[in-house]
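> Here is how the chains run, residue by residue.
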Amino acid sequence: MTQLIQTLVLGLLLGGVYALLASGLTLIFGVMDVINVAQGALIILAAFITWALWNETGLDPLLGVFVTTPLMFLVGILIYLTTIRWIQGKPPSTSVILTFGLALIIEGVMGIVWTATLHRATPDYFDQSFTIGDIYLRKGQVYGCAIAVGVLAVLYVILRVTWLGRAIRAVSANASSARLVGVSPSTVAALTFAIGVATTGAGGSIAAVLYPFLPGSHYAWISRLLGIIVLGGMGSLPGAIVGALLLGVAETMTATYISPQWATMVPWAVIMVVLLLRPQGLMGQKLREDVAL
Amino acid sequence: MRRIVWLLALLPVLLALMLAAGCGGDDDDDEGGGGSDTAATEDGGDASGEPIRIGASLPLTGDFAEPGEAARRGYEVWMEMVNESGGLLGRPVEMVIKDDQSDQNLVVTDYNALIDQDQVDLLLGTFSSLLNIPASAVAERAQMVYVEPAGGSPDMFNRGFEYLFFAQQATAPHQADLFSEWVLSLPEGEKPATAAYIAADDPFGAPVAEGIQEQLEAGGVETVYSEIYPPETVNFDAIASAIAGQKPDVIAQGSAGLQDGVNLITALSAAGYSPQQMFQASTPSFADQYSDAIGIENTEGIFFAVSYHVDADTPGNPEFLEAYRAKFDEDPAEDAADAFAAAQVLQAAVEAVGSIDDQAALKDWLHENEVETILGPLSWDETGAPEQAFLLAQWQNGDEEIVLPEDVATSDTIVNPKPPWSGG
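Protein chains in written order, with numbering that gives the first Met the number 0: chain U, 0 to 292; chain V, 0 to 423.
No lab work stands behind these hints, which were simulated from the structure alone. A few of these clues could be false.
Taking lysine-lysine pairs in the BS3-like style, the calculated list, with each CA pair at most 25 Å apart, reads [unchecked claim]:
1) Lys138/U - Lys417/V
2) Lys190/V - Lys417/V
3) Lys138/U - Lys246/V
4) Lys190/V - Lys326/V
5) Lys326/V - Lys246/V
Working from the sequences, and respecting the hints, build out all of it.
Next comes the structure, spelled out in structure tokens:
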């Protein structure tokens, strides 16, 4: 029984971290129809920046969030202005190829700056745990989940309460009508993309503590994140959270009760089953996506 | 919309393929890249006459570029040392080294060309089981002695080859022989009762773990966990939690990689479980990258196996070190030392037989004799698999030390039991 609860807890914590990493990806797709394959590389970039700050100044990676988030926001604006802007309105497949190229460039730059060797931030808590009875909770993952809740709450508030949020939702629902009422889709798109990229600041800082990384690590992350947002429903923020938690639990349950050999296959199996049975994902809205196209 | 979704379904597959192709090493740019690189003797020393030409193809570019370059350095240092001390059979040695780009097809082409076009007198092997398996088949067909410096997969030695010799101490299933022996020799009370085994699903990792499991089970250590994981596994929390639940005295991991070994340690530490003895096949030999990633305090007491150590007191090692440091201004990597040892094996056979004309005589001599190398003495069974044991190393006070066998040990203590993890 303890083993079952422990496995469940490990899965939920892992899912929380996944949710944090997937939130920006789903936001960008939901509003802009851009599949940002470079999101994984941006997470690793944020992880490297976190590592460099920690290594040079001793800044705790959790506090590093306050540096990396605005920095990644600026990186997002820069990427939007130099590349994404030109393919707005083009089919999403174009964005896949474009952002894949971006991911390769970012990987190459990271390789030049930090070399292709393993890095990791190791503050005191990196391999420590909280314990409740017989159950342990990895500190890094608990902090990651807390940050995920914070980031998702901020995103929710931005989308629901602010003028920008209403504009984003308006553009997402119908870009041409939004333009008629004075919303500039291109400004909204730029800000949405930058916000989506800014979430990698938080994700990368916690990833830097949890798992060692090198420039090529982003392939493993992006494939998992795509699995999550396909499961949850492309473009749906609540869907990404549910998808992340489900995938985290499914992975740890498989590793514990079936075999670790099958655990890395779970995301692929999930994608196949979802596509066959419910192509719009758990919480995806078919109508809105059709409109967005 | 459906089209996007299907596109998305294909994308992860594409990424997975890229990942699979991308892992395995840096593309260390190197001069050459494709052509052959002939390095003749500089002054020939006392050697005179027609040079003896020795051919090899190495992965100087591609996935194995890093170890391939190290192996080339090992061969070159050997060639220069031989030439400076009078050559082989009184003749200078000339190495003909091709670049197989880490490609199984190209390595076959290269060895065929070395034999038929370049008509080299002798062959030396390439790097990795992956490349040595096809390359050794070419040599076997031509009935030429093939001493290979790196490639310990059991698949190398189950083909009935007679001309193949592996110039390290043991094959993968025997990677941890000294560790198993030492564990089983512990006095009652200290001797472990249970063990957990976890291995990466690759031609090296799985046989290592299976080898230890077989040996410890035969010695009465009960197996409480034994699993295989895909090499790309990142999250080891579930594995660590399941292992911790079994409370094994020994944990042994079979893996050739770095990330999976590091992730297992961190996950075990987070789970708060530290075994009495911890063995990892080769992850701990990644030096600083390993200690930085798991935390230097956490390295204490972890065992691993190596073929070579710079401080090892083996015959010829001081001379090798001196020549290598003089030429490259750094300590040799394990792969460079292994290549040097492979060349030493070939040299010993040639000098003992006294001729390079009869390859069958060379292989017969090697099957019957033991050769002194910088890795220690080596001898082979009828399949060409070596019959010795790897050195047993252990992290002690933030450094890698050889602890067994005693005659080459760099530390006279063995940390036992392993202290708890720093975060545990």
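> Work down the list of hints and note, for each, if the structure agrees.
Outcome of the hint check:
| no. | hint | result |
| --- | --- | --- |
| 1 | Lys138/U - Lys417/V | 24 Å, holds |
| 2 | Lys190/V - Lys417/V | 13 Å, holds |
| 3 | Lys138/U - Lys246/V | 22 Å, holds |
| 4 | Lys190/V - Lys326/V | 47 Å, violated |
| 5 | Lys326/V - Lys246/V | 50 Å, violated |
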